[in-house]
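Student: Okay, here's what each chain looks like letter by letter:
6 protein chains.
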Amino acid sequence: MSDLVTFGETMLRLSPPQGERVETARELEFRAAGAESNVAITAERLGAVATWLSKVPDSPLGRRVVSGLRQHGLDVDVVWSDGGRQGTYYLEYGGDPRGTKVIYDRQGAAVQTTQPQELNLAAIRNARLFYTSGITPALSNQLRETTAQLLKVAKEAGTKTAFDVNYRSSLWSPDEARQTLTRLFPAVDILVIPFRDAQTVLNYERDPRQLAHHLAAEYNLQTVIVTNGERGSLAWHDNTVHEQDIYDADTHDAIGTGDAFVGAFLARRLAGDGVTRAMRYGAATASLKRTIAGDIATVTKSEVESVIGDDMEEISR
Amino acid sequence: MSDLVTFGETMLRLSPPQGERVETARELEFRAAGAESNVAITAERLGAVATWLSKVPDSPLGRRVVSGLRQHGLDVDVVWSDGGRQGTYYLEYGGDPRGTKVIYDRQGAAVQTTQPQELNLAAIRNARLFYTSGITPALSNQLRETTAQLLKVAKEAGTKTAFDVNYRSSLWSPDEARQTLTRLFPAVDILVIPFRDAQTVLNYERDPRQLAHHLAAEYNLQTVIVTNGERGSLAWHDNTVHEQDIYDADTHDAIGTGDAFVGAFLARRLAGDGVTRAMRYGAATASLKRTIAGDIATVTKSEVESVIGDDMEEISR
Amino acid sequence: MSDLVTFGETMLRLSPPQGERVETARELEFRAAGAESNVAITAERLGAVATWLSKVPDSPLGRRVVSGLRQHGLDVDVVWSDGGRQGTYYLEYGGDPRGTKVIYDRQGAAVQTTQPQELNLAAIRNARLFYTSGITPALSNQLRETTAQLLKVAKEAGTKTAFDVNYRSSLWSPDEARQTLTRLFPAVDILVIPFRDAQTVLNYERDPRQLAHHLAAEYNLQTVIVTNGERGSLAWHDNTVHEQDIYDADTHDAIGTGDAFVGAFLARRLAGDGVTRAMRYGAATASLKRTIAGDIATVTKSEVESVIGDDMEEISR
Amino acid sequence: MSDLVTFGETMLRLSPPQGERVETARELEFRAAGAESNVAITAERLGAVATWLSKVPDSPLGRRVVSGLRQHGLDVDVVWSDGGRQGTYYLEYGGDPRGTKVIYDRQGAAVQTTQPQELNLAAIRNARLFYTSGITPALSNQLRETTAQLLKVAKEAGTKTAFDVNYRSSLWSPDEARQTLTRLFPAVDILVIPFRDAQTVLNYERDPRQLAHHLAAEYNLQTVIVTNGERGSLAWHDNTVHEQDIYDADTHDAIGTGDAFVGAFLARRLAGDGVTRAMRYGAATASLKRTIAGDIATVTKSEVESVIGDDMEEISR
Amino acid sequence: MSDLVTFGETMLRLSPPQGERVETARELEFRAAGAESNVAITAERLGAVATWLSKVPDSPLGRRVVSGLRQHGLDVDVVWSDGGRQGTYYLEYGGDPRGTKVIYDRQGAAVQTTQPQELNLAAIRNARLFYTSGITPALSNQLRETTAQLLKVAKEAGTKTAFDVNYRSSLWSPDEARQTLTRLFPAVDILVIPFRDAQTVLNYERDPRQLAHHLAAEYNLQTVIVTNGERGSLAWHDNTVHEQDIYDADTHDAIGTGDAFVGAFLARRLAGDGVTRAMRYGAATASLKRTIAGDIATVTKSEVESVIGDDMEEISR
Amino acid sequence: MSDLVTFGETMLRLSPPQGERVETARELEFRAAGAESNVAITAERLGAVATWLSKVPDSPLGRRVVSGLRQHGLDVDVVWSDGGRQGTYYLEYGGDPRGTKVIYDRQGAAVQTTQPQELNLAAIRNARLFYTSGITPALSNQLRETTAQLLKVAKEAGTKTAFDVNYRSSLWSPDEARQTLTRLFPAVDILVIPFRDAQTVLNYERDPRQLAHHLAAEYNLQTVIVTNGERGSLAWHDNTVHEQDIYDADTHDAIGTGDAFVGAFLARRLAGDGVTRAMRYGAATASLKRTIAGDIATVTKSEVESVIGDDMEEISR
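For the record, the sequence lines run as chains A, B, C, D, E and F.
Once you know that position 282 of the first sequence is 281 in numbering that gives the first Met the number 0, the rest is easy, because the numbers rise by one and skip nothing.
Once you know that position 64 of the second sequence is 63 in numbering that gives the first Met the number 0, the rest is easy, because the numbers rise by one and skip nothing.
Once you know that position 152 of the third sequence is 151 in numbering that gives the first Met the number 0, the rest is easy, because the numbers rise by one and skip nothing.
Once you know that position 63 of the fourth sequence is 62 in numbering that gives the first Met the number 0, the rest is easy, because the numbers rise by one and skip nothing.
Once you know that position 58 of the fifth sequence is 57 in numbering that gives the first Met the number 0, the rest is easy, because the numbers rise by one and skip nothing.
Once you know that position 51 of the sixth sequence is 50 in numbering that gives the first Met the number 0, the rest is easy, because the numbers rise by one and skip nothing.
It is possible that some hints are incorrect.
A pair counts as met if it fits within one copy or between any two copies, since identical chains are not told apart.
[Unchecked claim] In silico SDA-like cross-links for lysine to any residue, where the CA-CA straight-line distance does not exceed 20 Å: (1) Lys154 with Ala216; (2) Lys300 with Gly271; (3) Lys100 with Asp252; (4) Lys300 with Ala147; (5) Lys300 with Ile102; (6) Lys151 with Glu304; (7) Lys300 with Gly18; (8) Lys300 with Thr99.
If you're looking for bench data, these hints aren't it; they were derived computationally from the structure.
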């Protein structure tokens, strides 16, 4: 029985070496990566028991994804599909002004046809927390329906739910996203929203603090976390706002920073920590992630705690 | 103006190092590869002026394909497409009894929507020879139609046509292949057919020699080449059969062997060589290809001739 | 609850590229490898539920081992140790006459101090089969004792036991090995013995067939498997001898061939297959392993079955 | 018919990984690189039709250069030489205070014997612009003569000429350079000069702005571009000075920055842009180049334009 | 006859690529590295004749170390041991906040059993300078004794002695270190001490300048060098303090910085330079080291001098 | 004082991975390699004290060569040259029918200007044996003269001389070679000649045995070794012919096989072994070399002896 169950797509990530371009590359690094599995792995590594539900093609490519997740100790509980592709993406690192580029190649991915009844719903019902993100309903009409159903399954079973807006402009328009997501929010207990997504998708114009208040009130949320890049993050909970600065990092690979934050936050909340302490774990884990190649935060709890350092002691009292 | 124009799909090829499996690989080699572009490159390298027509996505992946072909001096004349994927395949080398495995991932490839009028038809009309293979009509209904149209365009312009049956069981059934291909054969001047494809697709039970006679007669073909793996190949032409043994090779990578044969044969025929001599170039180029990583026969004319060696002199008289 | 529980050491394997020597190498390939975990992974991949028990240092090196095993879906149930090293070995590939060389570096490995009560004995008691090999008692006096105890725990709980002699001359003398192992044999149900080990350790001079009869009788064994390299293997069971030829393979990496055989044999026996059929799976899996880099047989059940091919149908009746 | 024809040397570039020294390196990265081909490729990628003229040895090394340039779509029109070497250089990346080191190995390069009549002079005559740089006449007495002749051929045919001073202290002294180059300047329409070259070669002591005025007047130049490293660049044209700041970049590989600037500037001038706009493209392309491994600016027009961003719209009016 | 003889452990260093973690790495870089051999190599490269004494296992691993040192021209004079391991360490690069991690694996290393009489004592007696560091006596009781004996051998023969405190908390406690080291100091002529080691081991609370005075007086030292990270270093000699700033560096690999400093300082002192000039070489060599992968300062004297630059001329008068 | 002193060129060797061609390669392996240094290293590794004399450019490339040789413990005693190149060659592995290709790039190499008086002639005078090969006089007129002089220096000092014909058709014609070499033979004590070189250069038509007799008589040689590829080798000495078969090998890299043979033969002769035994070491070392990447036989004496095996005991009596 897992503390945390997540559902979502995980892709194969193909990236040329630093400085090389896809157009002329001869070697690619090959990894597994996906928002919901990133969150689950981070949580597992920081002490939670976590399960990832998904649908993957019964092929070496599907097995490559599963192998990449299992090595972190994650419980992988997937439907092996005869049809459908394994989604992939190409990632090209580039400093300013080129920027890091992502080229998605996920059309027809097997996961896009997942129906709720194919999944291990008992795992969701028996978990303490269910998590998915806004990428999932953006992938297909079926997944829009499935996401809503899974949140409902969780709610009815008394499993708490967490959701990260994770808006991706390559998948849908702000309007489509807003219409779909705002229908899901009422089933969510813990909502994570990047401030720039609030601006883009919700046309929200005020500041992160007011956004948190507003969302909590509007959708009767238990916890609202607003992340705001280098400006840090805040959590609204029990009518209180907890602010958290980022920890500085020498960035090797920024992909997965947000997932590391969320995974650590959820793991510590599941472990009984208060919101302030969980936010601190989130920020520290996110900063460590940035030093590591790939989407996945291959960290240990003690490494996270050594980032947090002495001031933690005051907090943990 | 090119001697040879080809049309077809070219994919990105991703392969783990020798001995590694896709399921656990961390690095992939990254190349461009496709039957019709392989043939065109071989022909170009052996002295023909060759053009490859196709449709590729206007993305780093599409540009990767084009870059991989252009470096051999091939004239690349493509439609840059806003929609559709770039087909890819994963190749896992493996000795006996595992065997080399190919995992295709080409659903929704941009090339599958190519309509004749999108292509540079003038290039076909002005060429001396037009080539495509049985992979092309197998990829989509649209390409079934397009292939037929392109052969017709060539015929009407007096451009000779060459066609390799290249049966791929992952793309269509023997029945579908037979029905489609036999409708194309009347528009073909030079037909290449692996003997095992004749067995599978045409249910042909007799020997390669009789197959060549039969096909030549049935479809009024000018030249029929039957390849038969390690047993060599033969060409029916002007009512004469020319037999050609293989040249032994230490095989590093067998993919593309047939295309190297065909490309060299066509290049030498275009250069005015007789069928016997062109078959010899074909076999020698094919054996060199097997020593080279990737689908493409990165050889020079003088290397091919040094394989053929002294006996060539007798023949060239 | 696992079908198969194994206990033993797993090492980190460091190997320079083909043709390179450790003395001048600049890059090493890095993998996890161990007889008992190899067996467990093969069994897991062919359908058994398998667990590996061990003791590893609580360090990045210990975690590297665990990560390498978990990616195959193996249940890893280890004691994390504050003291002791992580065993490593260097493997240098070399064809004739140089030969492949192994340089062990396992002194003071954490696993060598494992006491029975540190391990999840319930897993052994609840399993259908417990497996370890002659490497384990050779590693330390403590492990000599622990191995005996674990076999006893299994026996008393009604869990069947399997044991591979796996003699390593770098660990102990034939005399030491004989004295220790023959004391363990009475607690074993399924004994695997390479014929050359019988010659070296047991001073056995007759042929494999008589060896099997002899051992079965002497130690009241249920099944005796004698492997004999290129000459194939045989199983004595129910007073019948089942012979099995090897399947030919293009060898990329021969390490782990025996473990692949045993893992597949045990998986199929656990799945209800008869001895003859299980031997066939063993031989086919072993031949596939030889085509794969590393100690671990990264194969699928369908790949094994495609090696076995048509004749299997007769046998499976 | 090309818009832009360039002539010059292209070398093979061999570089150890970041942090490694040539003295102890075991692996080298292998690329083609040369000032004039860099300019031609950048121009081609930004929309011009470009041709590179040169002489290369008819060997795998010469073919390696040609392959490396052709993959960018550049038209390569070379004399294949039986004698002479292929120039190479070793590049060792190093941060401060070590600095990036270049070790040239170009003695006896085939290109150094190029006589004008060996080249496709019709290509120059039919082009809209001919470009070479101060590296070319520095390579040999023959090339001093050939450079002058090619500029004359262009002039006489009404083809405009562009020339980058590109002073290399390893090739000649400031005195030799000054004497040779000032004799070439009268045949030049567009002159590019790094300000530090003006200081070293021309002993020029005033500021870039006055340098541009002075050179334009002295040599009757149509356009003078003075580049000045981090301080930006300026163009004198039609008696007006256009200043351009650099765009900041996270530098991965600084080699080729100047060539990227020039190639983009020329491409945009050929496309009809005004000097200010062309300078902006130059600066943006140069900044992108710094993020890319190798000498070549593997960029697209849309990437350059996204660096230039919104302010471009004002400018393009 | 060498100018400089050093004695100590050298390990094999295994490191995953930048951004990768040991836990999930598949490739490791493989080098030799050790404080005393680093110092000897730096000195050799800057003009001294240097010898490294040690004991290494007679195995490919021991030969790997020797090969790695000899390539720099170092005279390697070792006892080849039948017993004992070759020490190794894993180095994981990581920017802030992760930090670079070192995982030592040196238990039972052959060097730890070295007795003085096994070594080439004549080399020490004939040298002008003998060097070892505080790592050596920390490795075993035997080495505590051996270090004392070697310093005594040097002293009695009139060979000067240099010693770097090099405190390693993973090897011994501050108390153990203090007791052992302060007994060695009276036999030392040139003492190098990082200021943080003075704080940790000697509980020294005042500033580096006073520390130098204090140590010189207390132990009758000829020269005391206090290094203080980014704050530079100072040397007390002949009752004068010489201060030296660091030279800024783009750090690729910080390991070995201190050894590069000491090796350069000693080489220049042996060459007859004054303390101020030798300190400048030390600081410049240390800054170059930081740009180079691995522990070893693969630099040339002219590179060091080009860092020092013009101001050196004043100094060298 | 060395047992063996050799003089000759050593080049940098650049090779793409197996299966790749120079024309399209992106990575090259980088090693040092040369006939005379190969011989010296093999001799050193098998127990001789060996020195290599040469002239190399004072550049990172020259230091790369020296570093590559020193790591094997070879004493490198070179003239560091301000002028002249470092010779390089590209090696492209290829199985049949492509064959392994070598592309030399050694024009203007610094070594070609070596005059006898630049070298450490005392080393030759004090050695027991001086060795060089027919590559050396083929490199330049100066080296023709220098080779003759060095053999004379050796002769006059009572140092024995060994010489391998090593005919390279890329360097000179058979006629030039014959004229030069036969003038050197009178100064040679031990002559090594591949039988195919005798056929090409000396127009010798009879068999290896008669060749040895003939050469010994004609030039008053002490020992004549005729190597004959897969057919083995023979040594004429004291009017007796000693025949030696090859040891079979799985060939990874055949370059350097002959040098390994000669180095081992000379080392064992210097160690006092008889000709038969020394020939056996030669053949065994040559077979081991073939399993190792690069030109250099990175072997140990005990490895060579384990190839020779039991029959050695009879012989050594």
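Student: Hints the structure violates: just list their numbers, smallest first.
Tutor: 4, 6
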